[in-house]
Amino acid sequence: MLALFYIFIAVAIGVSFWQITRIMNFRGIIATDDDNKKQGTYAIYFMVFLYAMMIYCLIFMNVIMLPESASFEGEHDDNLFNITFWLIGIVQFFMQFLIFYFTFKYRGKKGQKAKFYSDSHKLEAIWTITPAVVLVLLIGYGLWQWNNIMDLSNSEDPVVIEVYSQQFRWDARYAGDDNTLGFGNVNFIKGINTMGVDMSDKNSADDKQVTELYLPKGRKVHFKFRSQDVLHSAYMPHFRAQMNCVPGMVTEFGFTPKYTTDEMRQNPEVIEKTNGINKIRKAKGEDPYVFDYLLLCNKICGASHYNMQMKITVVEQDEYDKWIAEQPTLSSVIK
Amino acid sequence: MSEHHHKETFVTKYLFTQDHKMISKQFLVTGMFMGIIGVFMSMLFRMQIAWPEKSFSIIEAFLGPHQTDGVMNPDIYLALVTIHGTIMVFFVLTAGLSGTFSNLLIPLQIGARDMASGFLNMVSYWLFFLSSIIMVISLFVEAGPASSGWTVYPPLSALPQAIPGSGAGMTLWLVSMAIFIASSLIGSLNYIVTVLNLRTKGMTMTRMPLTIWAFFITAIIGVVSFPVLLSAALLLVFDRSFGTSFYLSDIFISGEVLHYQGGSPVLYEHLFWFLGHPEVYIVLLPALGITSEIISTHSRKPIFGYRAMIGSIMAIAFLSTIVWGHHMFVSGMNPFLGSVFTFTTLLIAIPSAVKAFNYVTTLWKGNLQLNPAMLFSIGLVSTFVTGGLTGLVLGDSALDINIHDTYFVVAHFHLVMGVSAIFGMYAGVYHWFPKMYGRMMNKTLGYWHFWITIICAYGVFWPMHFIGLAGLPRRYYSNTNFPMFDDLLEINVVITIFALVGGLAQIIFIANFFISMYRGQKATQNPWNSNTLEWTTPVEHVHGNWPGKLPEVHRWAYDYSKRVDPKDDDSDYLHGQDFVLQTTPLLEGEDPS
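Chains A and B, in that order, give the protein sequences. Counting along the first sequence from 1, when you hit position 143 you're at 143 in the working numbering, and nothing is skipped either side. Counting along the second sequence from 1, when you hit position 487 you're at 487 in the working numbering, and nothing is skipped either side.
Any given hint might turn out to be false.
[What the hints assert, rightly or not] In silico lysine-lysine, DSS-like type, Cα no more than 27 Å apart, as pairs:
hint, chain 1, residue 1, chain 2, residue 2
1, B, K567, A, K115
2, A, K284, A, K258
3, A, K110, B, K567
4, B, K365, A, K284
5, B, K365, A, K122
6, A, K122, B, K54
7, B, K54, A, K110
8, A, K113, B, K365
9, B, K549, B, K567
10, A, K38, B, K365
11, B, K365, A, K109
Treat the hints as calculated values from the structure; they're not laboratory data.
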């Protein structure tokens, strides 16, 4: 089989070489009117191909997209994204049309004269000012939303969680009853104290170390990120959340979960995407997939970068209270 | 110049030449060689993404110790991604593109005998050659070449414990880049001095072709930003080899706490992107300059808005140095900085839009000669628009949060700077090949090359936006550990097929290039009926470019299809033909435009 493949390759190379030398013997080297006509027509064909592909992707790849934002803060991200995407979509269709249509329409012909047209202050003013005005609006909305997300100062009674990264796993630490995390540093890493928590800090005693995130629905979650070795990035795409984990410093991010995991599984977009995935998995004889929120590593961090994930489960407040009560405190684990 | 003319040996003519025309060819051929390596690597890792567990004998043959039974290892996957990025950005699109055309065109288009310093120009090339050799050698290091991404963020790039590529491979990477930066700086200084001092009589700054403007501004950006990368690299060398803590702090790895205290990787990110972002424009502006020249020439029309084009190049250049933070929205830097960088970043859309609209207006009512060079320039405008528009999404900090480091980013920058710049480079080669080698490239092969390449470029990068929007992070060796990405595999297979076909199609170009060099039809002096000075030199290269006196310039470079009556499109050409060489004196009463 492999031999056949090699023979095929050899023949293909031979044929293309023969073709190339044949083509090289054509001595026409500057485009003639005939070429202009042909290439102009191809430009139209290409435009049709481009439009077809753009539209196909826009319609049929909708199903693979992330579902609607699972955090309240992300709603405006989705809004802003939709506005931006419509805007650039329209400009894209319009500009590509002009580019390839003009290529066809004004292809060189015998006796055709180009217009001597070198300047127009009016036109230039139009296409400087129009983008400027549109951009002011986009920037305005974007900055308002950015400040919205990044300002964690005035959230009332947030759930404080430390997300801790290392090659190649995630851990998390809940702040416990005092809602304050104990101090952590790599110098305290020892044995079972894998996150380097300073146990002499009075805030550490009630902290709880876990390997899976549980978040209560409707309450602000205040994340603090640490890394013990290289850069990682905590990426929670369903919540429109991401922040790098930087060794030597603590970074922060926050959001409020909007739907529990169970509710999200009932979301029509999620159902459609899950069905699509399960059709593929069934064909391969793999177990069906059930939707879960995930935290992924999104900053190149080494060989197993591609397999660094943590499950996130969003539940109602009472269920969360029950779960967090079951987790042992650090002081009971680390003696 | 005859008194300077001395007998040339093979060594002085082809190797240690100080003639800018030969040096430009050296840059081009070296850049093409590196390009072949870079593109080939991308084909290998695309195969891994599409068929993650499949065994390939080609992978077995090329990756040797870094594969098991024809499947590449995760480490070498990251190495391939890293070196692909490094080679394409620096060795192909910086040195290969800017080095080739700045060297060829600056003296020829401003009417100079050579670069200001032929010797430094030669040094610049040979430093580039040396850095290329070192980069290629780094591929053969036992633990593998640098593998921490082309941005080589520490601590990953600083600690061999973190990834094997950060050992000797990374050392060679840093050495190679340091030499590369020296080469680039020497080259850039030479370009700036030449443009400022050696313009021929009558060649005022506002009569220069837009190519020269682009190369000139690019050189300035390079001089401003490359030294910062050099300092970033040097500090990284200190951290790696001499125990300093510029970028490292509080690290626990392989079971022990390292001694580093007080540094921050964010500092490295700032320093890196202070070059890294302008680098995008170092790559792109020369391509845009080439496009301006080619679109105007082959449309037989003046470039629309010449002064606006210069203004937008300057605006882009200025803004490019104050937007680097948009690569760092989620790096943990102060959110207020994020606001500032969002603002400056989105401002770049304005001069970019001006350029795109001006290109389209130049096409409007032209008499388009659709040569391969022209098609590649039109292709550039198309990919520049497509890729540029998605920049509005990424530049907005609030939106960037969710697509940062996903395939959306990969699609965006490949279209806007990768494909666009490579198209500019191809356009330049097709257009100036007759000037470089005195022969013409084959048109039919050029057409094949263009259409296959643009179809494949869109086939690869348009769907890639969508897998990015599905949340797929870049630089993943395989996506099989995430069932939520199972439905993306099919798309990845399609992308890979386009990538393989597109990559192989470049053989057409290489064949055309080398066969034409020896067997192409002999070029006439001004094959494209162009206005600029390079076409007034003899086809056979002479040392000093013009055999007699230097030409004198009387007009700007874009008097195409100038009419007797400027208001009447049907009136006759003012000079009897649709182009007017820059050396033609103004007629009495002619509007100098």
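Numbers of unmet hints, in rising order
Those not satisfied are hints 2, 4, 6, 7, 9.
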